[in-house]
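Going down the list, the sequences are from chains B and A.
Be aware that the first sequence starts at 0, since it is given in numbering that gives the first Met the number 0, and climbs by one per residue.
Be aware that the second sequence starts at 0, since it is given in numbering that gives the first Met the number 0, and climbs by one per residue.
Accuracy of the hints is not assured; some may be wrong.
To be verified - Result set (DMTMM-like, lysine to aspartate or glutamate): computed pairs, CA atoms no more than 20 Å apart in a straight line:
1. B/K164 - A/E263
2. A/K164 - B/E263
3. A/K164 - B/D270
Just so you know, these hints were derived from the structure itself, not from any lab.
Residues per chain are reported as follows:
Number of protein chains: 2
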Amino acid sequence: MSWLELPAGTGFGLANLPYGIFTSGPDDRRTGVAVGDRVLDLAAVTGDPVHATGSLNAFMAQGPAAWSRLRRRLVDLLTDESHRSAVEPHLHPAAAVTMHLPVEVADYVDFYSSRHHAENLGRMFRPGTPPLTPNWTHLPIGYHGRAGTVQVSGTPVVRPNGQRKSPDAAPSLGPSRRLDIEAEVGFVVGVPTALGESVALGEFDQHVFGVCLVNDWSARDLQAWEYVPLGPFLGKSFLTSMSPWIVPVEALAAARVAPPARAEPLLPYLDDTEHPWGLDLALEVRLNGELISSPPFAEMYWTPAQQLAHLTVNGASLRTGDLFASGTVSGPARDQRGSLIELSWGGAEPLTLAGGGTRTFLEDGDEVTITATAPAADGSRLSFGAVTGRIAPAGTPVGGLGGS
Amino acid sequence: MSWLELPAGTGFGLANLPYGIFTSGPDDRRTGVAVGDRVLDLAAVTGDPVHATGSLNAFMAQGPAAWSRLRRRLVDLLTDESHRSAVEPHLHPAAAVTMHLPVEVADYVDFYSSRHHAENLGRMFRPGTPPLTPNWTHLPIGYHGRAGTVQVSGTPVVRPNGQRKSPDAAPSLGPSRRLDIEAEVGFVVGVPTALGESVALGEFDQHVFGVCLVNDWSARDLQAWEYVPLGPFLGKSFLTSMSPWIVPVEALAAARVAPPARAEPLLPYLDDTEHPWGLDLALEVRLNGELISSPPFAEMYWTPAQQLAHLTVNGASLRTGDLFASGTVSGPARDQRGSLIELSWGGAEPLTLAGGGTRTFLEDGDEVTITATAPAADGSRLSFGAVTGRIAPAGTPVGGLGGS
Numbered sequence: 000m001s002w003l004e005l006p007a008g009t010g011f012g013l014a015n016l017p018y019g020i021f022t023s024g025p026d027d028r029r030t031g032v033a034v035g036d037r038v039l040d041l042a043a044v045t046g047d048p049v050h051a052t053g054s055l056n057a058f059m060a061q062g063p064a065a066w067s068r069l070r071r072r073l074v075d076l077l078t079d080e081s082h083r084s085a086v087e088p089h090l091h092p093a094a095a096v097t098m099h100l101p102v103e104v105a106d107y108v109d110f111y112s113s114r115h116h117a118e119n120l121g122r123m124f125r126p127g128t129p130p131l132t133p134n135w136t137h138l139p140i141g142y143h144g145r146a147g148t149v150q151v152s153g154t155p156v157v158r159p160n161g162q163r164k165s166p167d168a169a170p171s172l173g174p175s176r177r178l179d180i181e182a183e184v185g186f187v188v189g190v191p192t193a194l195g196e197s198v199a200l201g202e203f204d205q206h207v208f209g210v211c212l213v214n215d216w217s218a219r220d221l222q223a224w225e226y227v228p229l230g231p232f233l234g235k236s237f238l239t240s241m242s243p244w245i246v247p248v249e250a251l252a253a254a255r256v257a258p259p260a261r262a263e264p265l266l267p268y269l270d271d272t273e274h275p276w277g278l279d280l281a282l283e284v285r286l287n288g289e290l291i292s293s294p295p296f297a298e299m300y301w302t303p304a305q306q307l308a309h310l311t312v313n314g315a316s317l318r319t320g321d322l323f324a325s326g327t328v329s330g331p332a333r334d335q336r337g338s339l340i341e342l343s344w345g346g347a348e349p350l351t352l353a354g355g356g357t358r359t360f361l362e363d364g365d366e367v368t369i370t371a372t373a374p375a376a377d378g379s380r381l382s383f384g385a386v387t388g389r390i391a392p393a394g395t396p397v398g399g400l401g402g403s
Numbered sequence: 000m001s002w003l004e005l006p007a008g009t010g011f012g013l014a015n016l017p018y019g020i021f022t023s024g025p026d027d028r029r030t031g032v033a034v035g036d037r038v039l040d041l042a043a044v045t046g047d048p049v050h051a052t053g054s055l056n057a058f059m060a061q062g063p064a065a066w067s068r069l070r071r072r073l074v075d076l077l078t079d080e081s082h083r084s085a086v087e088p089h090l091h092p093a094a095a096v097t098m099h100l101p102v103e104v105a106d107y108v109d110f111y112s113s114r115h116h117a118e119n120l121g122r123m124f125r126p127g128t129p130p131l132t133p134n135w136t137h138l139p140i141g142y143h144g145r146a147g148t149v150q151v152s153g154t155p156v157v158r159p160n161g162q163r164k165s166p167d168a169a170p171s172l173g174p175s176r177r178l179d180i181e182a183e184v185g186f187v188v189g190v191p192t193a194l195g196e197s198v199a200l201g202e203f204d205q206h207v208f209g210v211c212l213v214n215d216w217s218a219r220d221l222q223a224w225e226y227v228p229l230g231p232f233l234g235k236s237f238l239t240s241m242s243p244w245i246v247p248v249e250a251l252a253a254a255r256v257a258p259p260a261r262a263e264p265l266l267p268y269l270d271d272t273e274h275p276w277g278l279d280l281a282l283e284v285r286l287n288g289e290l291i292s293s294p295p296f297a298e299m300y301w302t303p304a305q306q307l308a309h310l311t312v313n314g315a316s317l318r319t320g321d322l323f324a325s326g327t328v329s330g331p332a333r334d335q336r337g338s339l340i341e342l343s344w345g346g347a348e349p350l351t352l353a354g355g356g357t358r359t360f361l362e363d364g365d366e367v368t369i370t371a372t373a374p375a376a377d378g379s380r381l382s383f384g385a386v387t388g389r390i391a392p393a394g395t396p397v398g399g400l401g402g403s
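So that you can see chain B by itself, here it is in the shape it has in the complex:
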């Protein structure tokens, strides 16, 4: 029980204690911890310069013993009344601070680990063939994204220009007409590896520091024209948004669940019978405030531990700040789909909005917010905060539209 009064039902109780980077005035970025409706200034309260670097990277690199030690200390500071006078001056109202990108993103990898999502896209794009490609149940498919355009929640989503191609016309340059979301969960690496090392399933929490929400904005028309044979590129690289709070893996012990039953026996490096890292996160997607989807992360076929084991099985090294995301989280039900292309079935079945109107893909001015909660050790539900973004109109492309 904290001496600090926590709002009823807060998702930021002592069982959570997520880390982020904030400013309260001038641009002196420092590490904060969300507690109730406050942000605790870690640089000030601990005096440790690692929390005044402007990103979580240096602290994340210290490893799990240091992460646990600080977590225990924070609980002590916030429960033992004797610390109150020393701590209280360093609590800022959350509403009064500005949150920044929490990590310097090293490499960004995006997976494709929801079976429902992959099957939905397969049914839409390859009708008459099996919805999953033959490799899908054997390995977690993934690709590298653009780390430099991973930005913090709230960054304006400027509709990207790019080449679009209708079946009966030459390609043209112009604003994407099929701008979409992908509701995802992201995992941030703290402890690096050397080139040639691999991370076994049981070592997941020795390397991964924490968990956040990701919206991997996607221009479906750009992507459809460009992606054969080397995968998504400009259709994704204009922006990826991440939530400002990184929930420590340690806070998620009560959220661990077994993943779905496996369709095929897995190779030993992916056989997670003894190291299940399914996570029971409940996501919610809101369009202009209206709930349009509730994707269940527990349905994900490939767990983050399997993703990390696969990512490194070839000896690829990890760096502090590597971010890997789950891929779109979609459940079996229609209102559990994590992208508009699924929710509107490729635009053929527009969503009817309770607030009026319909939607296939995003319109200028639309705001999308993804939130999530998970069961906490104390029986409460902890919050991941939110990743949000509002669509701004496209700019004029270089060289003009050229026959768009």
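Following the hints, position chain A against chain B.
Structure of chain A alone, referenced to chain B:
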């Protein structure tokens, strides 16, 4: 004419002056310039701390005016006899220094811009269909690679483990059996852009600092099983090697040529009629010292200026240290192909080596070296140095081989 005696036929004359990061003893990395068979210590000779940061990034971020200024100063220092006594103590024998990764790589993008290479792969993998995908002549296809595993020339190439799948068997985990090279040319970004900006074709040399050689090592069997639908991942991410010397774009004025004739009219942002950035680089690929290919970079269909314009047309921002590579450089002739999969036609037509034996893909102990030269302003040919790597045996994969 330099007061420094330059070896006859050196590719590192005053018309080149490429930058790299070196150590001559303890690990005090600093910026050097290759001159003849020497390396000039820029940190020492200029006293400028920007050259003692251990990477070229801070200098590259200063922009083209600063790049030109230093280049002029270097020519002055090396030609005016009066500077000799001040400069000479800071010239190290190139053979006595160790070269390091020259840039902190931000994002790494790999293109696919040789028409001959793309057609060769199309003919091998999709017989009976057009060798190029429909998008190929409309845009420079590319994808993001793993920046964290870009390493300097000479880094051992440990054969990667991964999933391989024969048509008639379940996938197995084990060492790649089809380890290959990709002879490429890389371009390093100095001046960043903000999110939402695009770089027009005519602005190429305002952002790109220099040019290097890249070997994008590729495990063809891993890649073949994993790459549908999201592109290459583990088949490439274990290692990408880059040459230690970055040749300034300014040194390549005499190497600029018009690119090949266009198969289709290009959209305005890619129409480079007024800004041709074809480059007449002559590459050579050696396997265990034997010349096996001479890929002509002037044959590349898409120029680096087009690649950069495309990469940013959706508003994706650039960072100092971004590296983008051309994709495998292959010419029309068999002995101009930049990968073993092309040289051995998928393994069906093994290369006969003059030194004895044959080769389809790389064997443990093989060493591959890629070099290149280009015409210089003074009529000589400037050198890009070399990117080299030797294949080391695979390690034991995590979890064992599991039925390999």
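Hint by hint, where does the structure go against what was stated? Just the numbers, ascending.
none
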